[in-house]
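> Protein chains in written order, with this note's numbering: chain V, 1 to 115; chain A, 1 to 114.
Since the hints were derived computationally from the structure, they do not count as laboratory data. All C-beta atoms, glycine included, are put in the ideal place defined by N, C-alpha and C. Don't take every hint at face value.
Stated by the list, open to error - Derived CB-CB ranges, DEER-like:
hint : chain 1 : residue 1 : chain 2 : residue 2 : range
1    : A       : Q76       : V       : Q80       : 24 to 32 Å
2    : A       : K68       : V       : T103      : 18 to 26 Å
3    : A       : G41       : V       : D74       : 16 to 24 Å
4    : V       : T113      : A       : T106      : 16 to 24 Å
5    : V       : G72       : A       : E39       : 25 to 33 Å
6    : A       : G16       : V       : K44       : 30 to 38 Å
7    : A       : Q76       : V       : G28       : 30 to 38 Å
8    : A       : P82       : V       : N51       : 39 to 47 Å
9    : V       : K44       : A       : S40       : 14 to 22 Å
10   : V       : K44       : A       : Q76       : 21 to 29 Å
11   : A       : N27       : V       : P8        : 34 to 42 Å
12   : A       : R57       : V       : P81       : 39 to 47 Å
13   : A       : K68       : V       : D63       : 37 to 45 Å
Take a look at the letters that make up each chain.
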Amino acid sequence: EAGVAQSPRYKIIEKRQSVAFWCNPISGHATLYWYQQILGQGPKLLIQFQNNGVVDDSQLPKDRFSAERLKGVDSTLKIQPAKLEDSAVYLCASSLWQAAPDTQYFGPGTRLTVL
Amino acid sequence: GESVGLHLPTLSVQEGDNSIINCAYSNSASDYFIWYKQESGKGPQFIIDIRSNMDKRQGQRVTVLLNKTVKHLSLQIAATQPGDSAVYFCAVYGYGGATNKLIFGTGTLLAVQP
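Take these sequences, add in the hints, and give me the full structure.
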């Protein structure tokens, strides 16, 4: 079974620039998550989708971050404009359904460096 | 809200020894706990979970112990191998504002010395 795919794996940008990350979840997984993992910390949930609807975006900085999951499959996370403190690994995860964290699988992440 | 913390940021063990990684949580209503392993350049990987109606659960070479009285859980790895070197996170699955979500601790780096 193919895992969660993410691209790019690495991205370096200057502050105030824009960046977008892409995620392809495991086939058949209805729930998709975006996490932010700052160096030395555990992942923090940014947004959770159930199919193409947003379930929880309470920790998403909506003034600069946006995410969409058109057609309920792939998802993109965008930052515009980026700040230095956005430097982190952005992890995408998917699970069969919402209340099943033991079925939640993580992708390898995109490491973002903002200069 | 819930917070999850780890006692030691780094744990160094000899190959073949047993490892114990500890974690404390703050919300006594938490009822579902998960341990993850994260290798360099990879996303977290599920290791083992435990619900609050249990105080011990065993997997292959791993055991999780839950002490609800002091809000503490631990991950024990038997006969630690070089491949066990990674950062280990405990996480609580619980209500976090809008919905249930995973809330991660800060992680413990396990370094296995040959």
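> For each hint, tell me whether it holds in the structure or not.
The hints, checked one at a time:
1. Roughly 45 Å separates the CB atoms of Q76 of chain A and Q80 of chain V, a value that falls outside the hinted 24 to 32 Å.
2. Our hint of 18 to 26 Å for K68 of chain A and T103 of chain V holds, since their Cβ atoms are close to 25 Å apart.
3. Roughly 22 Å separates the CB atoms of G41 of chain A and D74 of chain V, a value that falls within the hinted 16 to 24 Å.
4. Distance hint for T113 of chain V and T106 of chain A: a CB-CB separation of about 21 Å, consistent with the stated range 16 to 24 Å.
5. Against the hinted window of 25 to 33 Å, the Cβ-Cβ separation of G72 of chain V and E39 of chain A comes to about 30 Å, which satisfies the hint.
6. Checking the proposed 30 to 38 Å range against G16 of chain A and K44 of chain V shows it holds: the Cβ atoms sit about 35 Å from each other.
7. At roughly 34 Å, the beta-carbon separation of Q76 of chain A and G28 of chain V lies within the given 30 to 38 Å, and the hint holds.
8. Checked against the hint of 39 to 47 Å, the pair P82 of chain A and N51 of chain V passes, with Cβ atoms roughly 42 Å apart.
9. At roughly 20 Å, the beta carbons of K44 of chain V and S40 of chain A sit within the given window of 14 to 22 Å.
10. For K44 of chain V and Q76 of chain A, the Cβ-Cβ distance of about 27 Å falls inside the hinted range of 21 to 29 Å, so the restraint holds.
11. The hint said 34 to 42 Å for the Cβ distance between N27 of chain A and P8 of chain V, and at roughly 37 Å that hint holds.
12. In this structure the hint that R57 of chain A and P81 of chain V lie 39 to 47 Å apart at CB holds, the actual value being about 46 Å.
13. Distance hint check: the CB atoms of K68 of chain A and D63 of chain V are about 40 Å apart, consistent with the given range 37 to 45 Å.
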